[in-house]
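Visitor: Sequence:
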Amino acid sequence: MIHCSKIKLTLAMTAALTALVGCSSPGNTVTFDQLPDPAATPKAKWSDAMVYMNAMQISGMRDVPREMMGDASSQPAEGGNSTGVLDAATYGVGAVAPPSGMSGGAVAGVGLGLLLLGGGPTQPAQLPQVVAWVPSDLASSPEAAVQVALNEFNKSRAAVFQKQLPQELIATAYPESDSRSFGGKMPKASNLVLFSEEAKESPAFISAPKSYGPIHIVGHKVTEESIINSSGFRNIHESRANTVALSAALPDWFLIYVTSATRSKSDKLPPAVLRSGTPNYFIGK
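Those letters in the sequence shown? Residues -21 to -1, 1 to 264, by mature numbering (1 follows the signal peptide of the UniProt record, and there is no 0).
Treat the hints with care, as some may be off.
Have a look at the derived ranges for each label pair, beta carbon to beta carbon [what the hints assert, rightly or not]:
#, residue 1, residue 2, range
1, 22, 220, 24 to 32 Å
2, 137, 211, 44 to 52 Å
3, 141, 179, 34 to 42 Å
4, 163, 211, 39 to 47 Å
5, 117, 214, 33 to 41 Å
6, 45, 256, 38 to 46 Å
With a Cα cut of at most 30 Å, we get these calculated BS3-like pairs of lysine-lysine [as the list claims (entries may be wrong)]:
#, residue 1, residue 2
7, 142, 189
8, 164, 22
9, 24, 189
10, 142, 179
11, 189, 200
12, 167, 22
13, 134, 189
14, 167, 134
15, 264, 164
16, 179, 134
17, 134, 24
18, 22, 264
19, 134, 22
20, 264, 24
21, 179, 164
22, 189, 179
23, 179, 200
Think of the hints as simulated: they come from the structure by calculation, not from any bench. Glycine residues also receive a C-beta, built at the ideal position from the N, C-alpha and C atoms.
With the hints as extra help, turn the sequences into a complete structure.
Guide: This is the structure in structure tokens:
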């Protein structure tokens, strides 16, 4: 389900990108299409974030090649959906302070949905996502696995967030806002395709040989709860830290995808996939 607050956040980020394109100037540029398409890139070159997104069934992101890192001389491109190497990362879906040990500003990867400024349906990569793979030794059926995942999620929320919001969590077969979410029916909660798969071989990053997943938890308010437990709505760093803390409290078979956050041209955070409290950025290997 798409929540109004998430739609407003997406629109705000899209507006920020529109403003950037309108004010851009010539220089060393890179277009979205010049970033490597994951489908045509050896998986050994994918970032861990891209590996996780693929397992979560979420497309629309591209890694910034590692060789582009540190190109601080790049400038935004003139017009269109082109942008400098730095800004391909920092403005494509948000901008950035480099992760520890990384130079330059290219820490963010580019999301197709936010570069296509013409509108259209919200894509899964434009929304925060929570996904779990429940080890088969913790559940004997898909229904039991769903309950394990929801219980762990709520237990971790209670441990991390002093302030909590009411929410109706639903465990589904597809990411939030995926075109398959409602099985071709009207987009309402009662038509969501619920998770029902039997345990199967786990992704390589899950230690359990078999697991139930991916289980997509929709209806969550991770972004909102991270914000209300920070010192202010515009404190994007504290809000992100709260989400990281939630990730750290969850079992390592949970992933949280967070979109970019922008406070100003110089105060931005990149999208990332969080696992066990570690942010994984879209920087190719």
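Visitor: Each hint should be assessed against the structure and marked as holding or not.
Guide: Evaluation of the provided hints:
no. : hint                  : in the structure
1   : 22 x 220: 24 to 32 Å  : 31 Å, holds
2   : 137 x 211: 44 to 52 Å : 23 Å, violated
3   : 141 x 179: 34 to 42 Å : 38 Å, holds
4   : 163 x 211: 39 to 47 Å : 42 Å, holds
5   : 117 x 214: 33 to 41 Å : 36 Å, holds
6   : 45 x 256: 38 to 46 Å  : 24 Å, violated
7   : 142 x 189             : 35 Å, violated
8   : 164 x 22              : 34 Å, violated
9   : 24 x 189              : 26 Å, holds
10  : 142 x 179             : 37 Å, violated
11  : 189 x 200             : 29 Å, holds
12  : 167 x 22              : 36 Å, violated
13  : 134 x 189             : 24 Å, holds
14  : 167 x 134             : 27 Å, holds
15  : 264 x 164             : 40 Å, violated
16  : 179 x 134             : 26 Å, holds
17  : 134 x 24              : 36 Å, violated
18  : 22 x 264              : 9 Å, holds
19  : 134 x 22              : 35 Å, violated
20  : 264 x 24              : 5 Å, holds
21  : 179 x 164             : 27 Å, holds
22  : 189 x 179             : 5 Å, holds
23  : 179 x 200             : 29 Å, holds
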